[in-house]
Each structure stands twice: as C-alpha cells, then as structure tokens.
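Trainee: Residues per chain are reported as follows:
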Amino acid sequence: MRAIVTVIGKDKVGIIAYVCSILAKNGVNVLDISQTVLQEYFTMIMLVDASGCSLPFTDLSALLKEEGLRESLSVRIMREDIFEAMHRI
Amino acid sequence: MINKSEILQTIEMIDQQHLDIRTITMGISLRDCADPDVEKSCRKVYEKIVSKANMLVKTGEDIEKEFGIPIVNKRISVTPVSLVAESSKTISYVPFAEAMDKAAKEVGVNFIGGFSALVHKGFTVGDRILIDSIPEALAVTERVCSSVNVATTRAGINMDAVKLMGDIILKGAEKTKDAGGMACAKLVVFANAVEDNPFMAGAFHGVGEPECVINVGVSGPGVVHTALKSCAGAPFDIVAETIKKTAFRITRMGQLVAREASRRLDVPFGVVDLSLAPTPAIGDSVADILEELGLESVGTHGTTAALALLNDAVKKGGVMASGHVGGLSGAFIPVSEDAGMIKAVKRGALSIEKLEAMTCVCSVGLDMIAVPGDTPGSTIAAIIADEAAIGIVNNKTTAVRIIPVPGKTVGDSVDFGGLLGTATVMPVNAFSSRAFIERGGRIPAPLNALRN
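Line by line, the protein sequences are chains L and U.
Just so we're aligned, residue 1 is where the first sequence starts under our numbering, counting upward by one.
Just so we're aligned, residue 1 is where the second sequence starts under our numbering, counting upward by one.
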C-alpha cells in the first residue's frame with residue numbers, strides 16, 4: 001500500500017535520518033522524497049510503500065506520530081488514495 | 001504523482017480549517033423486530049442494532065487513522081420506531097427508546113436516530129403513542145434522537161400533528177428543564193423528510209431503504225471560508241466557481257471514506273450528503289462564509305441571496321464528486337452550533353424572521369433556535385406551520401428544531417454542550433396564533449404536488 005509521509009518542524013541536523021530509520025526498522029520502503037527549508041521550518045514529503053511493513057498501518061501511524069513528537073516534529077502518514085481522490089478526477 | 005503543494009494543501013485543510021467527515025451513519029432496518037410482546041420486541045431491537053453496528057466505531061477509527069481524515073461522529077439511524085412498535089400491546093414506547101439508547105452505548109455511537117413517526121397525512125394508533133412518548137423518551141435517554149414528519153408536498157400539512165408537536169415540544173422542554181430543555185435539541189419536526197439523511201437529530205432509516213446501509217455526511221465550512229479569502233472583492237461568478245471547486249474536493253474525500261467504510265463493513269453504500277455543517281469551533285462557521293462575501297453581519301439584507309449562492313454552488317460542486325448524492329445536501333444554519341450565528345444574534349442582527357427567509361434557500365430549516373420558556377405551544381406550532389408551508393410549496397425539506405428554554409427569557413444564554421453549542425434566547429412574535437392553530441385538519445397539498 002502506497003502512502004505519503006509528511007514531516008514538518010523546526011530545522012535541525014538529522015531529521016531525514018531519524019525519520020528514515022524508523023521507517024526502515026519497520027520495513028517501509030521510501031520511493032520518493034522531497035524536502036525544503038522555509039524560514040527555519042523544515043518540510044519533508046515522502047512517497048512510501050508500506051506493503052512490507054511489519055506493523056498494522058494504524059500502529060505505524062501512531063508510532064510515527066509519537067516518535068515525531070519526541071523530536072518536536074509533526075510526522076504523519078496518510079494513504080495516498082486520499083490525495084488522489086481530492087486532487088485528481 | 002501528486003505534487004507537493006496539493007499534499008500540503010490537504011494537510012492544511014485538515015489541521016487548520018477543520019476539514020472532516022462529519023458523520024458515518026449506519027442505517028439499520030428494524031422491520032423484523034416487531035412483536036406483540038413489548039419486552040421481546042425491545043430485546044430484538046437491541047440485539048439487531050448491536051449485531052449490525054458492533055464494528056462501526058472501530059472501522060471508522062481505523063479509516064480515520066489510515067487516511068488521516070478526522071471522522072467526527074459515528075452514528076446509527078433506524079426504521080421509524082412507530083412502524084416497529086405498533087404491533088406491541090402497550091401504551092408507551094419509552095422502552096423502545098431505552099433499548100435504542102442501551103444499544104447505542106454498547107456499540108459506542110454518540111447518537112441514534114429514528115424514534116420517529118411519519119404523520120403527514122394522519123395518525124395511526126402507533127403514531128399517536130409514539131408522539132405522546134417523545135417527551136419522556138428524550139428525557140430518560142441520552143443518545144436517542146426523535147423526528148416527526150408533519151407535511152409533504154404530496155400530502156399537504158397535517159395541522160393536527162403541527163398543533164400536537166407544539167405541545168410535545170413544550171412538554172419535552174419541561175421534562176428536561178434542568179438541562180435547559182435539552183430534549184428539544186434532540187427533536188426535529190420535518191416537512192418532506194428524507195429517508196437517507198445521515199445527520200442528527202433528524203436521521204431515520206426510511207421504509208424504502210435496504211436492510212442495512214452506510215451514509216456519509218461531509219462538512220467543511222472552514223475550507224470554503226479559507227478558499228473565499230483568496231477571492232476578496234471578486235464578482236459572484238468567481239465566488240461560485242471557487243465554492244464549487246472546494247465542494248468537489250471535500251465531497252471526493254467523503255466518497256472515498258464512504259466506499260471504504262462500506263467495503264470494510266460489508267454493508268452497501270447509500271449516499272454522500274454534501275452538507276456544510278458548522279460546529280461551535282471557531283473557524284467552522286457557515287455565518288463566516290456569508291460574512292466573507294461582504295455582509296457586515298449575517299442576518300442583514302443580502303444574507304438570503306448569499307446563502308442561496310452558497311447552497312447552490314455546494315451542490316453543483318459536490319454532485320460530480322460522488323456516485324450517489326442524497327440526504328439533505330446543502331448548507332445548514334443551526335444557530336447554536338455556529339459561533340458566527342450566535343454572534344449575530346447577540347448583536348441583534350439575526351432574527352427568527354430572517355432565519356425563516358433563509359430556510360427557503362438552504363438545505364433544512366429553523367435549527368437549534370432557543371426561544372423564551374413561556375412561549376405558547378400554539379406559537380411554536382405556528383412556527384412549524386410556516387416552515388412546513390415553505391417546504392411543501394418549494395418541494396424542499398424544511399424542519400424545525402426549536403427549544404423553549406424553561407425559565408429563560410430573551411437575551412439569556414443556554415449551553416447544550418459539545419456539538420450542540422450555546423444558544424442565546426431569541427424573541428418570538430408576541431401576537432397570538434392560537435385561533436389559527438386550533439382549527440386543526442389538513443392544509444391541502446399545493447398545486448405543484450400534481451406533477452403526473
């Protein structure tokens with residue numbers, strides 16, 4: 001299942017590594033990645049494939065949220081379908 | 001692939017503009033629960049609701065987490081109880097309401113609708129018992145919602161029922177006077193009620209509906225409001241186009257969730273109800289949208305036109321986004337549930353008369369309006385009659401959810417809590433409608449009923 005991971009927070013060293021290591025540990029494959037820093041704020045968007053994930057999707061979502069908060073980051077994962085539905089006919 | 005700005009736009013809609021699925025409502029037929037023995041029948045009602053809906057809340061929560069879209073309410077609507085309870089030998093249907101309430105608590109839904117009767121042309125024995133049971137039923141239960149349909153375009157207005165409902169509303173308020181007349185916040189009097197409405201308090205599972213069905217109500221006044229900020233001063237053509245595009249996106253999301261819920265629960269998908277439903281939260285207001293269009297306060301001259309445009313554009317945008325559109329579909333204007341409306345009442349800009357005009361062009365009717373506790377039943381009945389007349393002549397659904405707050409008078413405030421919000425008591429016309437309401441009988445169906 002393809003999903004979009006977004007990470008928003010104050011920029012600092014190692015955010016990408018931090019988030020990617022959580023994903024890797026749980027068998028989530030990163031397909032595409034894009035990031036920018038705008039006025040000190042870090043925004044990263046990743047397209048991932050969660051079909052090999054060892055956790056149920058809802059647990060993965062809760063884990064990312066929790067681990068993100070630990071580093072003062074807003075991390076969320078949402079199924080790609082929702083964006084397709086809203087922005088493509 | 002979806003581009004970055006679209007992804008961030010969606011997240012901003014959810015985080016800052018209160019975009020959400022307002023409700024996933026499971027409609028359940030109770031037609032097979034009738035029994036001459038009241039206790040047996042109530043047990044069947046309880047068991048059927050629990051067996052059909054036991055996974056509803058869990059499924060809703062799972063979808064919420066996976067898609068990242070808040071699903072605010074999970075609810076249930078059932079066959080109008082007057083049809084189910086009529087076979088039972090009893091003089092009160094309160095036990096049925098209690099069975100519904102118990103089932104709602106068991107499965108974890110916050111409201112269950114369908115303690116209802118359809119009496120637009122007249123009463124059966126069961127309809128009368130049900131209506132007489134409403135004040136008690138709503139006072140002793142927490143989550144049960146009730147509705148009575150008193151008029152249709154095809155049948156005209158049952159003025160005996162209108163008169164009766166004026167008194168029932170007063171009784172309901174009296175029975176829950178410690179809670180500000182809370183029972184009346186759970187009671188809707190309809191004209192042209194729809195069978196597949198997912199929104200409370202007026203939801204029931206109509207007789208033409210299948211055994212079980214999933215209907216979804218979307219919302220998003222905040223998203224429309226934000227979109228309109230980008231077209232300040234622009235002509236109405238551009239305003240309408242902007243609302244349509246936004247409504248399309250919101251509805252697509254609703255359609256996706258509806259399909260997903262239907263698949264997971266193995267229950268057929270019914271409709272998406274494209275409604276702009278406000279909540280008391282700041283930034284989730286229909287009044288704000290109307291004011292964004294250039295009105296100093298909602299309620300001033302121009303409000304009806306603004307609402308007409310909004311209502312129409314929401315439907316046009318949403319209709320292509322969903323396979324089946326139904327329910328009430330349009331803009332809701334519940335006074336206590338909308339921070340902007342309450343502000344307008346407080347500053348004296350919004351009256352019941354203006355709200356009545358607004359109901360000619362919005363999706364429902366006079367909704368969540370608090371009036372003084374000493375308002376006569378005949379005046380409440382006359383307010384219902386006016387709304388029903390607007391409904392049947394214009395072929396639209398209208399409704400009255402009015403709360404005569406015991407012990408309170410004009411300008412007082414009453415808090416219903418949660419999504420029901422806080423209302424300021426509004427004045428009603430002091431002149432009597434009693435002799436008019438006393439006539440009883442039926443107002444004949446309008447000429448436009450004869451469409452064959």
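One should not assume that every hint holds.
Claimed, not checked - Here are the simulated DSS-like pairs of lysine-lysine, each with C-alpha atoms no more than 27 Å apart in a straight line:
#1 U/K346 x U/K229
#2 U/K4 x L/K25
#3 U/K4 x L/K12
#4 U/K58 x U/K4
Note that these hints are calculated values from the structure, not bench results.
The structure presented is a predicted model; accordingly, all values stated were derived computationally and were not measured.
Trainee: Does each hint fit the structure? Answer for all of them.
Mentor: For each hint, the structure was consulted:
Proximity of U/K346 to U/K229 is assessed by CA-CA distance (about 25 Å); at most 27 Å being required, the pair is judged to hold. Restraint check: the Cα-Cα separation between U/K4 and L/K25 comes to about 26 Å, which is no more than 27 Å; the hinted pair holds. Of the supplied pair hints, the one linking U/K4 and L/K12 holds, its CA atoms being roughly 21 Å apart against a limit of 27 Å. Proposed proximity of U/K58 and U/K4 is contradicted: the alpha carbons are some 31 Å apart, above 27 Å.
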